[in-house]
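Start from chain A and add chain B according to the hints.
Sequences listed follow chains A and B, in order. Sequential numbering from 1 applies to the first sequence in the working numbering. Sequential numbering from 120 applies to the second sequence in the working numbering.
Treat the hints with care, since some could be wrong.
In silico BS3-like pairs for lysine-lysine, Cα to Cα no more than 27 Å straight-line [as the list claims (entries may be wrong)]:
(1) K41/A - K55/A
(2) K120/B - K187/B
(3) K221/B - K64/A
(4) K120/B - K55/A
(5) K66/A - K41/A
(6) K120/B - K20/A
(7) K66/A - K14/A
(8) K20/A - K187/B
(9) K221/B - K161/B
(10) K64/A - K161/B
(11) K41/A - K14/A
(12) K120/B - K64/A
(13) K66/A - K20/A
(14) K66/A - K221/B
(15) K187/B - K66/A
(16) K14/A - K187/B
(17) K64/A - K20/A
(18) K187/B - K64/A
(19) K221/B - K120/B
(20) K221/B - K187/B
(21) K20/A - K41/A
(22) K64/A - K14/A
(23) K41/A - K64/A
(24) K55/A - K20/A
(25) K221/B - K41/A
What the hints contain is simulated information worked out from the structure, not anything from laboratory work.
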Amino acid sequence: GAVVSQHPSWVICKSGTSVKIECRSLDFQATTMFWYRQFPKQSLMLMATSNEGSKATYEQGVEKDKFLINHASLTLSTLTVTSAHPEDSSFYICSARDYLTGGANYGYTFGSGTRLTVV
Amino acid sequence: KQEVTQIPAALSVPEGENLVLNCSFTDSAIYNLQWFRQDPGKGLTSLLLIQSSQREQTSGRLNASLDKSSGRSTLYIAASQPGDSATYLCAVSGNTPLVFGKGTRLSVIA
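Isolated chain A, as found in the complex:
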């Protein structure tokens, strides 16, 4: 089945530095990937839709200059949190769907998430 790999699983960084999170589709091509953010005991909030070869689409209220998304290949999307601050500490999860095989009827597969702590 479709597998999405996300790295790192956790990262601690100093305030003001940048952190890159990778999301890879291992056994399928993903023209579109999705980035979510989850606060403790809250549900997932969609941050942006990552489109291969073009600009990401950001949800309202998400700073595109702070959360840089790059989708340079059909199997890799990256989320870079720039100039991180403690309020950026959260759980970030990526998702993809094997749309090329199954179309809209395929379910979504999620990565294992990245716990970001900014100190």
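Using the frame of chain A, we list chain B on its own:
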């Protein structure tokens, strides 16, 4: 705008009980509905996927139903076990990316 609601928010049951988790959504124009499980600090594991044309799906002790016209889905867990303790999330897929409910936190007590 699609909205997904899950009831109850939290549930604690003794081991062995059968239980039902509820999910409702406001816009019935969906492609499919997925139920996920999330353990603390972990990603999401897909449990069941129901296409909009389907009424139910089963996997082991899990059974999910879908009533698209009324905007409802239920997840039935038979003979619950302590290992079932987790947060269960319902999400619908339509013309927009997945929209999630806030989840039901399930605790199964041995």
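A quick look at each hint next to the structure:
The straight-line distance between the Cα atoms of K41/A and K55/A is roughly 31 Å, outside the 27 Å bound, and the hint therefore fails. Restraint check for K120/B and K187/B: satisfied, since their Cα atoms lie roughly 16 Å apart, inside the 27 Å limit. Restraint check: the Cα-Cα separation between K221/B and K64/A comes to about 25 Å, which is no more than 27 Å; the hinted pair holds. Between K120/B and K55/A the CA atoms are separated by roughly 24 Å; this keeps the pair inside 27 Å, and the hint holds.
This hinted pair checks out: K66/A and K41/A have alpha carbons roughly 24 Å apart, not beyond 27 Å. Restraint check: the Cα-Cα separation between K120/B and K20/A comes to about 32 Å, which exceeds 27 Å; the hinted pair is violated. Taking the CA atoms of K66/A and K14/A, the gap is near 15 Å; set against the 27 Å cutoff, the hint holds. For the suggested pair K20/A and K187/B, the alpha carbons sit about 40 Å apart, so the restraint of at most 27 Å is broken.
For the given pair, K221/B sits about 16 Å from K161/B by alpha-carbon distance, which is consistent with the 27 Å threshold. About 26 Å separates the Cα atoms of K64/A and K161/B, which keeps this hinted pair within 27 Å; it holds. Restraint check for K41/A and K14/A: the C-alpha separation of about 25 Å stays at or below 27 Å, so the hint holds. Taking the CA atoms of K120/B and K64/A, the gap is about 23 Å. The hint holds against a cut of 27 Å.
Restraint check for K66/A and K20/A: satisfied, since their Cα atoms lie roughly 12 Å apart, inside the 27 Å limit. Between K66/A and K221/B the CA atoms are separated by roughly 26 Å; this keeps the pair inside 27 Å, and the hint holds. At most 27 Å may separate the alpha-carbon atoms for a hinted pair to count; K187/B and K66/A exceed this at roughly 39 Å. Proposed proximity of K14/A and K187/B is contradicted: the alpha carbons are some 47 Å apart, above 27 Å.
For the hint pairing K64/A with K20/A, the CA-to-CA distance comes to about 14 Å; that is within 27 Å, so the pair holds. Simply put, K187/B and K64/A have alpha-carbon atoms about 35 Å apart, too far for the 27 Å limit, and the pair is violated. Distance check on the hinted pair: K221/B and K120/B sit about 16 Å apart at the alpha-carbon level, within 27 Å; holds. The straight-line distance between the Cα atoms of K221/B and K187/B is roughly 20 Å, inside the 27 Å bound, and the hint therefore holds.
Simply put, K20/A and K41/A have alpha-carbon atoms about 24 Å apart, close enough for the 27 Å limit, and the pair holds. As the CA atoms of K64/A and K14/A are separated by approximately 21 Å, the hinted pair is consistent with the 27 Å bound. For a cut-off of 27 Å, the pair hint linking K41/A to K64/A stands: about 25 Å separates their Cα positions. Among the hinted pairs, K55/A with K20/A is consistent with the structure: their alpha-carbon atoms are about 17 Å apart, no more than 27 Å.
For the hint pairing K221/B with K41/A, the CA-to-CA distance comes to about 9 Å; that is within 27 Å, so the pair holds.
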